[in-house]
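K.L.:
One-letter residues, chain by chain:
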Amino acid sequence: MAYVSIADRDHTIEHHDPQTFITKYVYSQDHKVIAIQYGVLAILIGLVGMLLSSTFRLQLGFPDTFDFINPENYYQFVTVHGMIMVIYLLTALFLGGFGNYLIPLQLGSRDMVFPFMNMLSVWVYFLSVIILVASFFVPGGATGAGWTLYPPQAISPGTPGVEWGIVLMLLSLAVFIVAFTMGGLNYVTTVLQARCKGMTLMRMPLSIWGIFMATILGLLAFPALLVSAIMMLLDKLIGTSFFMPAMMAAGEVTEYGGGSPVLFQHLFWFFGHPEVYIVALPAFGIVSDLLATHARKNIFGYRMMVWAIIAIGGLSFIVWAHHMYVSGMNPYFGFFFATTTLIIAVPTAIKVYNWVLTLWQGNIHLRVPMLFAIAFIFTFTHGGLTGLFLGNVTIDLPLSDTYFVVAHFHMVMGVSPVLVVFGAIYHWYPKMTGRMYNETLGKWHFWLTFLGTYSLYLPMHYIGFLGVPRRYFAMGDTDFMPDSAITLNASMTISALIIAASQSIFIYNMIASLKNGKPSGPNPWKATSLEWQTPDTPPKHGNWGHHLPVVHRWAYDYSVPGQADDFTPQTVPAEDVPVGREHGVEH
Amino acid sequence: MSEAAATNAEVLPDGARGVVRDFSSDMQSFHVPWGKAMMWIFLLSDTFIFSCFLVGYMHVRMAATDPWPYPSEVFALSFGGDPIPLILIAIMTFILITSSGTMALAVNMGYRKDRKKTFWLMVATALLGASFVGMQAFEWTKLIVEEGVRPWGNPMGAAQFGSAFFMITGFHGMHVSAGVIYLLVVANRVRNGFYEKRGGNYEIVEIAGLYWHFVDLVWVFIFAFFYLW
Amino acid sequence: MAQEGQQHPLNVYYRIWALLFVLSFFSYMVDYINVQGPLRWTLILVFMFLKAGFIIAIFMHMKWERLALKGAILLPPIFIGVLIWLMAIEGEHTWLTRIEFFGESTFVPQEVHH
Amino acid sequence: MPMAVVLILLVVGSIVFHFLSPWYFTPLASNWSQIDATIDLTFWVTGFVFVAVNLFMAYAVVKYRAKEGSRAKYDPENKKLETWLTILTSVGVAAMLAPGLFVWGEFVNVPEDAMEIEANGQQWYWSYRLPGADGEFGNVKAEIITNDNPFGMDPDDPLGRDDVLIMSPEVHLPINVPVKVNLRSKDVLHDFAVAQFRVKMDLVPGMETYLWFTPTVLGTYEVLCEELCGIAHHTMRGAVVVDTQEDFDAWVASNPTYAETQSVAAGNAAVGAAQYAVCAACHGQQGEGLLALNSPKIAGQEAWYLKRQLKNYQSGLRGAHEDDIYGKQMAPMAATLANDAAINNVIAHIETFPDNPGAVTIDGDVSNGQRIYNVCAYCHGKDAEGIEAINAPRMAGMTDWYLERQLQNFRSGVRGSHPQDFYGKQMGFMGRTLHDDKAIADVVAYIGTLPQR
Ligand code: HEA
Ligand code: HEA
Ligand code: CUA
Ligand SMILES: [Cu+2]
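Chains as they are written, first to last, in our numbering: chain A, 108 to 694; chain B, 23 to 251; chain C, 6 to 119; chain D, 24 to 476.
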């Protein structure tokens, strides 16, 4: 294992600051460059996922009016949409993107502990994305098995993409897992072993806690996905029968026999549920920092927040079968999993309360990142509470596999963490680029995305109550669905299109501000955490110039009584805190 | 490697207080080098992989209505006389354990900076590992050619027998092979003094050792659950 | 201590080494003299966990690591325990429904030939 | 400020929407009022939390927004408050969970007096099985499923002889009798769901699952498949008809037992020849079809399909729609066939005809047609040879102008709109994805190019 380990060298290492474009942006081992590579890739593929959703949303809103969407590509689009959004967008963006950028900077390290592996990680991720996209262009097209890829249907005729699509999808997942593992080992080891002087675990910003926990979940959960992917590949390619019972396909009896489809579902969700928290926890962490910074107030109940993250992480491994209440598994499991599932509500509730209590008696600056953060609390509470409906096994009977589920997880995953992503990008944009984004455009982007998504997903719950199943290309006319529901669907589609379109504002803002944005200075938000105390903005390779920072306090010393300024960076020792008359008085 | 480690030489409390102390310390939580910490975490992740394989195997085996072939017969081997159950597997097991032993000594010699011994012990370990893979290859061919076991079916009973066997032992075999290569690379660097240039630091040998012992560890479980069940 | 790495008297290794051989031999004997029923399972598992324990504790030096690391590595597999437990129940459940509705298997096993 | 206002508006708006929107659970038609009760309870608890949390937040945003010279209050934590909140939340959660688990207990344990039926799922339709007189199901095996034994009944199992087989997506149930539905899939995962009954459960191939309910309201309810099962998942519909006991018994009697299905006399071509004389007038001596009389080619069409269509004409599932001019002509003709035996005979005779490909009369953009046909191929086969197990008739080498007209009928609902014509309804879904006559012409033209086998 040859690697340059510079993460905690307390003196600049003469790492030949890379000059040529290639060494600077392609083979770079600088965690910040890698973070941006991850982020841009994720966002690009995320936009693909978004466009797919707009396309199939058209069919749902205006059935049988568009030629370019038929049952075949509808299911392909839905499947790839789901897969992209969960794995290739959010997992990669939060861990590969923000994880890479924030961990060394907020912990006062010079880089990840194994920069070379870190670089490999991003390129392997790139490869997995290529394979995923390629699956659209192979004979038979991408798989249409749903992002849950349930066998037997995923690998038996009657489903789009059984020829090659499913193979490439599984392959792409396997490759992604390799990429994630290389990155993940780095993040965890860095957090545990390469913090700067004075940076104890209980002084870490909550962003790091969220990302840290999510990465651990990933390292322990992805194995289940890898294994089920391998087993399904064997079933598909060489005819083993792990998941395939004696069954028919396309009217003929198959060679398969003795396998168990439910086994796949268990393995998948043993991965799948932790996965949804992999997407949620970094959002929890980051939003805490946004709230504290822009409310100029310490995060309320920091220790409870940390323990809640740990509790949620642990519990998420014993709730998986709440996705399987009606899957035909042993019905008595329902009691166990309903209980564990609803217990999760408690630590999550604590987080929600503490976010709100952080605003209480704060000094709230409603800048764009703060708007997104507040909107997150609203949508997440909504989505989480609908989760309690589904978690309560009895109520899941009528609601499972209906649009209520779709509404639930979009509210809680398709909206909330996405809002945090945007908030975070606006929040750290000045640090990454040294320039300010355009506030007005930011506000426009916020209102369109926030109100748009709510108007899209609130009604969706009620379509679910009606009993409209998910993954339906068309509902047709049924006696239990009033015609008004059709118009409702149309309105939802229109909101979806508006939201999708409004993302262009964001992208324009990000690109234009690179040149036009006014210089932001090192610490525009007067934030306390380390990344804002770097000697140069944007930080250079090695982050800290000559000497590593030394931490003297937690990351939330905002408006401390008896201190002049309303924020005290972590790097300031007790004796140098500017004391004196406090500017401003409490409300 | 990490100077940070070198700095806190003060004696650390043990037991529960030690845990609190470690997790509330700054800079690092585990008093081990980065590479070792990372290897441990990787092995934890890998544990989950193998566990999932074995869980899958357990489930399909319990759910199978077709009779499950009796491993101790299937894997019996006869040298002229009547077949001795599991004999080859037993030999493979002993080989792997032997290799673990040599590896453990290699690590120890590494820390004693006895490059020559370390090198040869590691080579021995790699060779034992290679012979293990070789025997596995032999076992596979015997199973395929003589017993007619295929991943998709076999004359003795449930199809999942072959599927699970080839998948699990195959995956383990890949780990062994990878380990052999890894060991040889490190061994070679020990020999040509690569690590002397890096402050004569031989933790890398222990890290490689961790991986190797893990491969042995997995075999312990496969042996119990697949061959003895 | 961790800094100079793990150094221990060689004969610790020799003893464990021998011990592993003995244990493997025993577990092999379980099959050879064909113990069956619950006893077989108890023995298999006992020997298995002993072997695993010694490898982790001595060869992988877990015994000498600090409790923090021990905990961090040895606790998470509890989740696997839950998975195994439930999957065992599930396998049994699947088997039962199969027997009840599809009847006993009609598979005629062939003799193993050597 | 706007932020706070919006938050309040959204909270109020959501509540208003909840109470005023016409979109909510369909009226309950089973015993599961407990499920609805649990849902209401959960609504009250979660609704309260939703309102409380967000209004509190909105208030905070107004009250504590940054003003000139204002400053935040520093309070790291408040053990007492946090403990209380935790306790309250736990109480709320427990309040929702307890009844939930109780009702689940009810659902898991089927009452002893429940009658049993079996629902079979298959891409992409339903069929059912009743235990028959002995009240016990015979064993079934997916391995031995054939077109003649679509249920995979084990011929050696005496218990199976009297099982009543229902080869239709529509099943009848007696009112106020608890019924346990055993669920079995022949191929992939499906899900048996009836919105009005509230309960649902997956069908898993290779094992048997179940659900139970007591229908409490007479009427017909749509069965939906709610587990993605391939490209026609959304067309996998069925129906449950809740009858009075008498009607139910009558209906059961009208369906064949397994034994009976095994002992149907094969059609007699010679006898059929006489009856065919009537058909010959329009369909031609050799069943080659006649454009002038709008009669399609029937020679070479599969027997099972001809039989189903003849029966559809007889029972008015087809040829009853006022705009179905030609169907109306066929219906009385079909009526001349007295019984199943007669139908079998005619079909036996038709099967003796030479099968020469119908003339190509439609021209369209074949390559576009091929693109469209990709979807059709899932059911009708790569070469449009037809797959009985999927209820998809052969199209290759048949009459293209007829195909075109039928596609138009399916799209416009002239065909396949009868509530009991489930397979027609399926085709209706697919027909509607062909947006204009050109698309239809193209795909028909492509089918015309397919080799007939
Ligand atoms: C970010 C992702 C995310 C998150 C955080 C969650 C959170 C939760 N989810 Fe969700 N879920 C998904 C993503 C997520 N989910 C996805 C992607 C699916 C669908 C997968 C598929 O099938 O395609 C899904 C599906 C899903 C199902 C399966 C539905 C079905 O298929 O039939 C269930 C069932 O239990 C469930 C439950 C829950 C619960 C109980 C929570 C809880 O963690 C929520 C906890 C939060 C709160 C409860 C709100 C905050 C609390 C308070 C403000 C106080 C509460 C106070 C009281 C209750 C008194 N989810
Ligand atoms: C994070 C996950 C995520 C996200 C963001 C979305 C976003 C959207 N989703 Fe989807 N969706 C899923 C995860 C997600 N979805 C999953 C897992 C499924 C299940 C698939 C299956 O059943 O197999 C699903 C299924 C699904 C369905 C059900 C299809 C069916 O069952 O038949 C529908 C229907 O309306 C839908 C619609 C939308 C729409 C309109 C959007 C959006 O377009 C909403 C508006 C857009 C945004 C909020 C912006 C999104 C942000 C980015 C793209 C970030 C990158 C871009 C920039 C930074 C500019 N999605
Ligand atoms: Cu059958 Cu969906
Ligand atoms: Cu979940």
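Just so you know, the hints here were simulated from the structure itself, not pulled from any lab data. Here a beta-carbon is modelled for each residue, glycine too, at the ideal position from N, C-alpha and C. Any given hint could be a false lead.
Claimed, not checked - Residues on chain B that point at chain A, a partial pick, calculated with CB under 7 Å:
#1 Q50
#2 H53
#3 I63
#4 F70
#5 F75
#6 P89
#7 P173
#8 A180
#9 Q182
As the list claims (entries may be wrong) - Okay, the calculated beta carbon distance ranges per label pair:
#10 B:G102 to C:M34: 19 to 27 Å
#11 C:R45 to D:A156: 46 to 54 Å
#12 B:P35 to D:D63: 36 to 44 Å
#13 A:F442 to D:W67: 21 to 29 Å
#14 B:V33 to A:N623: 15 to 23 Å
#15 D:V200 to C:E109: 30 to 38 Å
#16 B:P35 to C:L24: 27 to 35 Å
#17 C:M34 to B:K139: 53 to 61 Å
#18 A:F233 to D:D388: 35 to 43 Å
#19 D:V200 to C:W90: 17 to 25 Å
#20 D:E411 to A:E362: 31 to 39 Å
#21 B:G215 to A:E362: 16 to 24 Å
#22 C:M34 to D:A156: 51 to 59 Å
K.L.:
Now, for every hint given, state plainly whether the structure supports it.
P.N.:
These are the hints, each one checked on the structure:
1. Q50: holds (4 Å)
2. H53: violated (10 Å)
3. I63: holds (6 Å)
4. F70: At about 4 Å, which falls below the 7 Å cut-off, the nearest Cβ of chain A leaves the hint on F70 of chain B intact, so it holds.
5. F75: Status holds, d = 6 Å.
6. P89: violated (11 Å)
7. P173: Because about 5 Å separates P173 of chain B from the closest Cβ in chain A, which is inside the 7 Å limit, the hint holds.
8. A180: Because about 6 Å separates A180 of chain B from the closest Cβ in chain A, which is inside the 7 Å limit, the hint holds.
9. Q182: holds (6 Å)
10. B:G102 to C:M34: 19 to 27 Å: This hint holds: roughly 23 Å between Cβ atoms.
11. C:R45 to D:A156: 46 to 54 Å: holds (47 Å)
12. B:P35 to D:D63: 36 to 44 Å: violated (56 Å)
13. A:F442 to D:W67: 21 to 29 Å: holds (23 Å)
14. B:V33 to A:N623: 15 to 23 Å: At roughly 59 Å between Cβ atoms, N623 of chain A and V33 of chain B fall outside 15 to 23 Å, so the hint is violated.
15. D:V200 to C:E109: 30 to 38 Å: Given range 30 to 38 Å: holds, Cβ gap about 32 Å.
16. B:P35 to C:L24: 27 to 35 Å: holds (31 Å)
17. C:M34 to B:K139: 53 to 61 Å: 35 Å Cβ-Cβ, so the 53 to 61 Å window is violated.
18. A:F233 to D:D388: 35 to 43 Å: holds (39 Å)
19. D:V200 to C:W90: 17 to 25 Å: 38 Å Cβ-Cβ, so the 17 to 25 Å window is violated.
20. D:E411 to A:E362: 31 to 39 Å: With Cβ atoms ~21 Å apart, the hint is violated.
21. B:G215 to A:E362: 16 to 24 Å: Given range 16 to 24 Å: violated, Cβ gap about 58 Å.
22. C:M34 to D:A156: 51 to 59 Å: holds (58 Å)
Hints 2, 6, 12, 14, 17, 19, 20, 21 from the earlier list are contradicted by this structure; the remaining hints agree with it.
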